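Dock chain B against the given chain A, drawing on the hints supplied.
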Amino acid sequence: MIEDIPLSHILIVSTLIFFIGVYGFMTRKNMISMLISVELVLNAVNINFVAINRYLYPERLEGHFFTLFVIGIAAAEAAVAIAIFINLYRNIRSIDVDEVTEMKY
Amino acid sequence: MSAFAITFYMGSALMLIFAIMSVTSRKLLRAAIYLLFVLIGVAVFYLVSDYMFLAAVQIVVYMGGIVVLIIFSILLTSHLGEKLQVVKPVTFVIAALVSLIGAGIALSVISAHTFNPVAADGPETTVAVIGTQLLSYGKYGYVLPFEVISILLLAAMVAAIAIAKREKKPES
Chain A
10 MIEDIPLSHI LIVSTLIFFI GVYGFMTRKN MISMLISVEL VLNAVNINFV AINRYLYPER
70 LEGHFFTLFV IGIAAAEAAV AIAIFINLYR NIRSIDVDEV TEMKY
Chain B
1152 MSAFAITFYM GSALMLIFAI MSVTSRKLLR AAIYLLFVLI GVAVFYLVSD YMFLAAVQIV
1212 VYMGGIVVLI IFSILLTSHL GEKLQVVKPV TFVIAALVSL IGAGIALSVI SAHTFNPVAA
1272 DGPETTVAVI GTQLLSYGKY GYVLPFEVIS ILLLAAMVAA IAIAKREKKP ES
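Sequence order for the protein chains is A and B.
Terminal number for the first sequence in my numbering: 114, no gaps in between.
Terminal number for the second sequence in my numbering: 1323, no gaps in between.
Hints should not be assumed to be uniformly reliable.
[What the hints assert, rightly or not] Result set (DSSO-like, lysine-lysine): computed pairs, CA atoms no more than 30 angstroms apart in a straight line:
| id | chain 1 | residue 1 | chain 2 | residue 2 |
| --- | --- | --- | --- | --- |
| 1 | B | Lys1234 | B | Lys1178 |
| 2 | B | Lys1290 | A | Lys38 |
| 3 | B | Lys1234 | A | Lys38 |
[What the hints assert, rightly or not] If you want the ones that stay clear, here's a sample from chain B, every Cβ over 10 angstroms from chain A, calculated:
| id | residue |
| --- | --- |
| 4 | Met1161 |
| 5 | Leu1231 |
| 6 | Gly1232 |
| 7 | Gly1253 |
| 8 | Tyr1288 |
| 9 | Gly1289 |
Honestly, the hints are just simulated from the structure, not real lab data.
Quantities reported herein were computed from a predicted structural model and do not represent experimental measurements.
Don't be surprised by glycine CBs; every beta carbon is placed ideally from N, CA and C.
Isolated chain A (complex conformation) (with noise of 0.2 angstroms):
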């Protein structure tokens, strides 16, 4: 099973999520589409709590509870950005990052 794999190729496809994720957030203007790309980014680092746990601390579940607790934290990130959005849709009839001007000072 897992084990055939090396825990750096694991890894690699990790580190390529994760920088996809970093270029989808510097290069999209909409909001949602950014918050798409930070979901790619936690789940890249969830990716490498369980494999680092499960091929070098198998005995242990450190990863796989700090990966619990990330996945709960990302559920009520999104729901409070998601609650930001329509709001600010509400009022200026538009997410995008450059039309939010008045949120700065």
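Showing chain B alone in chain A's frame:
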């Protein structure tokens, strides 16, 4: 190379392709669906790592919660068929440069380091083991983060309701 390894590498390549498509697609709804495919790939990775509970949580919370929430808000805030505007070319160049340099540094560190995996002979990650450790307050217990995250989720729920609530018009 075993059949599992071939499946793993094909699945990883597919996940990377979907990740790239979800950050480059000009249509927002398609980007959300590509994100869904990446999340399914991550859940399958948890499954083959023998973390069944984590895979279930990933499917329930991410696919059942976050992706549905994202699709809802896309449908509420954009018109169908609307294309995302593109940023300036210089931004593309800077973003690609930052990502490539960062990925290069991280990959060089990973390839330079040798890992010593140990054979898995630990406890089975059944729900009973997970629940006991999550609520124990001894060594390696996680009851404090558990309580903190429950407060955090309550606060996030109240905050989301308070922010998204329509304000009353004074003397309409």
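Structure-based check of each hint:
| no. | hint | result |
| --- | --- | --- |
| 1 | B/Lys1234 / B/Lys1178 | holds (5 angstroms) |
| 2 | B/Lys1290 / A/Lys38 | violated (46 angstroms) |
| 3 | B/Lys1234 / A/Lys38 | holds (12 angstroms) |
| 4 | Met1161 | holds (12 angstroms) |
| 5 | Leu1231 | holds (14 angstroms) |
| 6 | Gly1232 | holds (15 angstroms) |
| 7 | Gly1253 | violated (5 angstroms) |
| 8 | Tyr1288 | holds (14 angstroms) |
| 9 | Gly1289 | holds (14 angstroms) |
The earlier numbered hints that this structure contradicts are 2, 7.
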